[in-house]
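A.B. asks: Mind docking chain B on chain A? Use the hints.
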Amino acid sequence: MAIATQLILNGIIAGAIYALVASGFSLIYSVTKFMHFAHGAVLALGAYLMYSFAVILGLNFWLAILLTLVCSGFAGVVMDQLVYKQLRKRKASGAVLLIASIALMTLITSLILAFWGADVKTVPTVNPVFDFLGARITLTQIIIVVVSVVLLLGLWLLMKKTKLGKAMRAVADNKDVAMTVGINPERIYTYTFIIGSFLAGVAGILIGIEQNLYPQMGLSLVIKGFTGAVIGSLASVPGAVLGSFILGLVENIGIWWLPSGYKDAIAFVLLFIFLLFRPSGLLGVKVREV
Amino acid sequence: MAFINYLIHLAILIGIYSILTVSLNLAVGFTGLLNMGHVGFFGIGAYTSALLSLAGFPIWLSILCGGLLAMISGLLLALPTTRLKGDYLALATLGFTFIMGSVARNWTDVTRGALGIPGIPKIVKGNPEFLVIVLIIAAITYFVFWKISKSRFGKTCEAIRDDELAAKMLGKDTFKHKIAALGISAFFAGIGGALFAHYITFIDPSIFGIGDLILLFSMLIVGGLASVKGSAIGTIILFLLPEPLRFIGFPSSILGPMREIIFALILLLILIYRPKGFFGRVDLA
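If you read the protein sequences in the order shown, they are chains A and B.
The numbering used here numbers the first residue of the first sequence as 1 and each following residue consecutively.
The numbering used here numbers the first residue of the second sequence as 291 and each following residue consecutively.
If we strip away everything but chain A, and leave its shape as in the complex, we get (with noise of 0.2 Å):
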């Protein structure tokens, strides 16, 4: 009973971690709709820059997430402007964004790698353990399924509340009529990308914390958070969060059955059924190009 207490929750924080992910991709490929892979490397960056200021340079905590943050968001905004701007200048179909999404990946991978060195890097914490149910969950992990909640919400708060989600929906919806009603999409583009890569590098500080650093760490979290993502609905954000949840569960739950060295072959299965047979996900409505 233990055991399946314990699995669930290790369901729930991975979802909690994926769903970060997902949220982010999804809410960039809602607006832009393309597939900003290169969202996994602001993610690795952001966990990153936050074992430098925090560690090597000895900045004060607070500070040293805020920097990463600042960081994280800037990151997503300097992709954007440099390369994703440019191709979608000339019309450069969402197959083209993705080959440059994926090259940027493969280019912040290596420039972390050069930098910072291949061995794996720990922030050093203090982590209690506490007892839930007969299984367990340290103090790092609470904190993330909290934050990532806490987010989330936000999220939806402000994409359904502000003016600026609106505008993104809008934008989002279609980018013609927005822009006859005065929006300007190449700003809400922007901002979509600040907020996307906000929440990819509070992701990159958590994992950080809670597990080890590795230069190809985003392109791992990345699938996971494009599989919820692919799983829910890729094209909205609540979707995102739910496919991503499932995704941890049926993962987690699953090294019932296999050897646990097959997590991510579960993730690929499913993100392969999906593709076939539902490409809209659980959530989507329009079926795209069949």
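No lab work stands behind these hints, which were simulated from the structure alone.
Just so you know, these numbers come straight off a predicted model, no measurement behind them.
Treat the hints with care, as some may be off.
[To be verified] Here are the simulated lysine-lysine pairs, DSS-like style, with alpha carbons at most 25 Å apart:
id, chain 1, residue 1, chain 2, residue 2
1, A, 91, A, 33
2, A, 89, B, 375
3, B, 445, B, 375
4, A, 175, B, 375
5, B, 566, B, 519
6, B, 466, B, 437
7, A, 89, A, 175
8, A, 89, A, 33
9, B, 437, B, 566
10, B, 566, A, 85
11, A, 91, B, 375
12, A, 91, B, 566
13, A, 33, A, 161
14, A, 263, A, 121
15, B, 440, B, 566
16, A, 89, B, 566
17, B, 375, A, 33
18, B, 375, A, 85
19, B, 566, A, 33
C.D. replies: This is chain B only, laid out in the frame that chain A set:
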């Protein structure tokens, strides 16, 4: 003498990678299928041939089996995925590459997992002799794909890329053509992978990595889509470009990432400023 050995080594790698790029072009450039599973086929060929030859199979039979198994996986992958378009096809095939990597890491009884497979037999003892073999196979590949590009099959593939509906209305079985294109392309990727395994004599799951994917797409797009000549030249250009770094004296821990940075930058620049590459006849759509 060391310099000549280095040139031979470089030429062998260029030969092997040109097989990959030329064959990838059939799927991506000619047929318009954004296939990111090529690295997966490459790895399947490498693992199959390595394992079979270590189990005592004749080396050439192992290499052929590597190509055939890659082709079968290509056909199986194509059956459900070719109805997807653009970025969705790209992701499904990318997912395939990741699944293969995961299998290589976890099916430890067969693949030895992350430890990799050492001691893969060489085809011939010396590198110059091996270079001749690679060049012959690369020339055959080049010739086959040049023939395909001129054939009725190749023209139909291009018609499917430009307007699938129109091709269908002219009575072409577009489904069969797409599957065949992916299968043929996968076969040569598998052969390339097998040659790579028998040259390096060691493989591990990192062969399914995303770095090689970026390298392949850089070579493909720099050379140009739907141009067999372009793919061969793109491969040569991209392999030679980062080589001067070696003589500047960077440590190898920096050299690896530097190469990847250069490949990624070139790919980004070419996508932004010259999406047709040098000899490309079409844009990536």
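A.B. asks: None of the hints should be skipped; say for each whether it holds.
C.D. replies: We went through each hint and held it up to the structure:
Taking the CA atoms of residue 91 of chain A and residue 33 of chain A, the gap is about 12 Å. The hint holds against a cut of 25 Å. Under the criterion of a C-alpha separation no larger than 25 Å, the hint pairing residue 89 of chain A with residue 375 of chain B is consistent with the structure, at around 23 Å. With a C-alpha separation of about 20 Å, the suggested pairing of residue 445 of chain B with residue 375 of chain B holds against the 25 Å cut-off. For the hint pairing residue 175 of chain A with residue 375 of chain B, the CA-to-CA distance comes to about 22 Å; that is within 25 Å, so the pair holds.
Proximity of residue 566 of chain B to residue 519 of chain B is assessed by CA-CA distance (about 14 Å); at most 25 Å being required, the pair is judged to hold. Annotation: proposed proximity of residue 466 of chain B to residue 437 of chain B holds, straight-line Cα distance about 19 Å (limit 25 Å). Simply put, residue 89 of chain A and residue 175 of chain A have alpha-carbon atoms about 14 Å apart, close enough for the 25 Å limit, and the pair holds. Proximity of residue 89 of chain A to residue 33 of chain A is assessed by CA-CA distance (about 14 Å); at most 25 Å being required, the pair is judged to hold.
At most 25 Å may separate the alpha-carbon atoms for a hinted pair to count; residue 437 of chain B and residue 566 of chain B meet this at roughly 22 Å. Distance hint between residue 566 of chain B and residue 85 of chain A is fulfilled; the C-alpha atoms sit about 19 Å from each other, no more than 25 Å. With a C-alpha separation of about 18 Å, the suggested pair residue 91 of chain A and residue 375 of chain B falls inside the 25 Å cut-off, and the hint holds. Of the supplied pair hints, the one linking residue 91 of chain A and residue 566 of chain B holds, its CA atoms being roughly 14 Å apart against a limit of 25 Å.
With a C-alpha separation of about 22 Å, the suggested pairing of residue 33 of chain A with residue 161 of chain A holds against the 25 Å cut-off. With a C-alpha separation of about 23 Å, the suggested pairing of residue 263 of chain A with residue 121 of chain A holds against the 25 Å cut-off. Distance check on the hinted pair: residue 440 of chain B and residue 566 of chain B sit about 20 Å apart at the alpha-carbon level, within 25 Å; holds. Of the pairs offered as hints, the one joining residue 89 of chain A and residue 566 of chain B holds, with about 16 Å between alpha carbons and a cut-off of 25 Å not exceeded.
Distance hint between residue 375 of chain B and residue 33 of chain A is fulfilled; the C-alpha atoms sit about 15 Å from each other, no more than 25 Å. The suggested pairing of residue 375 of chain B with residue 85 of chain A holds, with an alpha-carbon distance near 23 Å, which does not exceed 25 Å. Using a Cα cut-off of 25 Å, the hinted pair residue 566 of chain B and residue 33 of chain A holds, with the two alpha carbons roughly 23 Å apart.
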